[in-house]
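S.K.: What follows is the residue order along each chain.
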Amino acid sequence: MIRVQREDFDVGQEINRFSNDKHDIGAVCTFLGLVRDLAGDSIKTMTLDYYPGMTEKELSKIEAEARARWPLTDCVIIHRYGILEPGDRIVMVATASPHRQAAFQSCEFLMDYLKTRAPFWKKEDTGDGEQWVEARASDDVAADRWTENIE
Amino acid sequence: MIRVQREDFDVGQEINRFSNDKHDIGAVCTFLGLVRDLAGDSIKTMTLDYYPGMTEKELSKIEAEARARWPLTDCVIIHRYGILEPGDRIVMVATASPHRQAAFQSCEFLMDYLKTRAPFWKKEDTGDGEQWVEARASDDVAADRWTENIE
Amino acid sequence: MKLFYFAWVRDKMGRDGEQIQLPEGIHTAGEFIEWFKDRGTAEAEVIGASEMVKMAVNQEYAGPSHPISDDDEVALFPPVTGG
Amino acid sequence: MKLFYFAWVRDKMGRDGEQIQLPEGIHTAGEFIEWFKDRGTAEAEVIGASEMVKMAVNQEYAGPSHPISDDDEVALFPPVTGG
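Protein chains in written order, with this note's numbering: chain A, 1 to 151; chain B, 1 to 151; chain C, 1 to 83; chain D, 1 to 83.
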């Protein structure tokens, strides 16, 4: 399931929604991404821009790819857009599987692909002005792992 | 933080407890393990036995090891004991870090080590009688990865 | 052709997008980029920027050989930074 | 010495544990296992089981060369299956 939304989400509720009353799961892996302000007081707000239509398509492709690679009972990707503040939730990915390693690997795969394929862009307002966040080469390296490592 | 308890836990509440109002996190990875009944109707109950005292010690050691290996802002391990039913929550591990890969890797490390080191034992009641679950060699292999793979 | 801009490409271009008429002889994404680059100062800056601009045709990533026509929706944007 | 049994070791031994007097000449976990194995039928079955029994001394995993004394808390149990 894919959701791109302005509103916040409730991690526990989302996990329960697809794990409650299921007896064939065994393992749920969840990743939650938050707006980070490492320096303590350097970021006032973060604006998340996206490409309506293409973003949903890319996320659906990524989900289909994960389901083809691993035995997933369920899968959810939620990503917010709009203006956020440090500590705010940005993204959540959760995968459910009978097997622990399938849940972990598919969740990490989804995050790596989302980071390099889904058309979202972050802009930080430091108080001294706004700046678009630059893409990181390390994210490309992380995503490339999955093309080399055929399961 | 380590908790060994008979009572159920609330995954969302636990994640929020250590991620709310923190600005230096960025990434939270959570693993949730449930009682699995793959065949559909083969398991009536699962009883979780443990070694009070040693279990908490082993979990604390595992947590300390994860904190030494990765830059973790926070870490929680909750494991239940007693009589559970299919679909019930057994274990939850969550790690928070400024970095996505540290959160994923430390969470997977904690589960791998917990599975092979923490003195818990599962007994399944299939209706035809009770049977202790046998340890799986694949769990040892998973745990061994971390001794070979120095970060 | 519907053309969309995102993130700093939109800032540089000063607009969200525009409706354009694809000139004669342009049939691929690569040919489009060459033509677009020479259209003006902002366009040259966008295409020449140190961070390589990405192109999508009908909401799918497109390489230089990807065919394009006047009926397509084309987008130019920086490498993505979500998640 | 306080001796504890868990999981199927407890089932085989028919009790949670016991207080025992460590015989003369037994100073290591390995020596203890040898002595324990010869104490009775259930003990022999536990130590000879296909699933290797683990030993903890004072709530820490102990290999054969680990020292033990009458003041210790010792536990015997199967490979763990939590998580």
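Keep in mind that a hint or two might mislead.
Stated by the list, open to error - Beta-carbon label-pair distances, calculated as ranges: (1) A:Asp21 to D:Gly30: 46 to 52 Å; (2) A:Arg136 to B:Glu130: 33 to 39 Å; (3) C:Glu60 to B:Glu130: 53 to 59 Å; (4) A:Glu130 to B:Lys44: 55 to 61 Å; (5) B:Glu130 to A:Lys44: 33 to 39 Å; (6) C:Tyr61 to B:Asp140: 40 to 46 Å; (7) B:Asp8 to A:Ala137: 29 to 35 Å; (8) C:Asp38 to A:Ala137: 25 to 31 Å.
Quick caveat, the hints were computed from the structure, so don't treat them as lab data. If you're wondering where the values come from, they're calculated on a predicted model, not measured in any experiment. We put the beta carbon where it would ideally sit given N, CA and C, even for glycine.
S.K.: Each of the hints needs a verdict: does it hold here or not?
M.R.: Now the hints, each set against the structure:
no. : hint                             : result
1   : A:Asp21 to D:Gly30: 46 to 52 Å   : holds (49 Å)
2   : A:Arg136 to B:Glu130: 33 to 39 Å : violated (52 Å)
3   : C:Glu60 to B:Glu130: 53 to 59 Å  : holds (55 Å)
4   : A:Glu130 to B:Lys44: 55 to 61 Å  : holds (59 Å)
5   : B:Glu130 to A:Lys44: 33 to 39 Å  : violated (59 Å)
6   : C:Tyr61 to B:Asp140: 40 to 46 Å  : holds (42 Å)
7   : B:Asp8 to A:Ala137: 29 to 35 Å   : violated (44 Å)
8   : C:Asp38 to A:Ala137: 25 to 31 Å  : holds (30 Å)
The structure shown violates the earlier hints numbered 2, 5 and 7.
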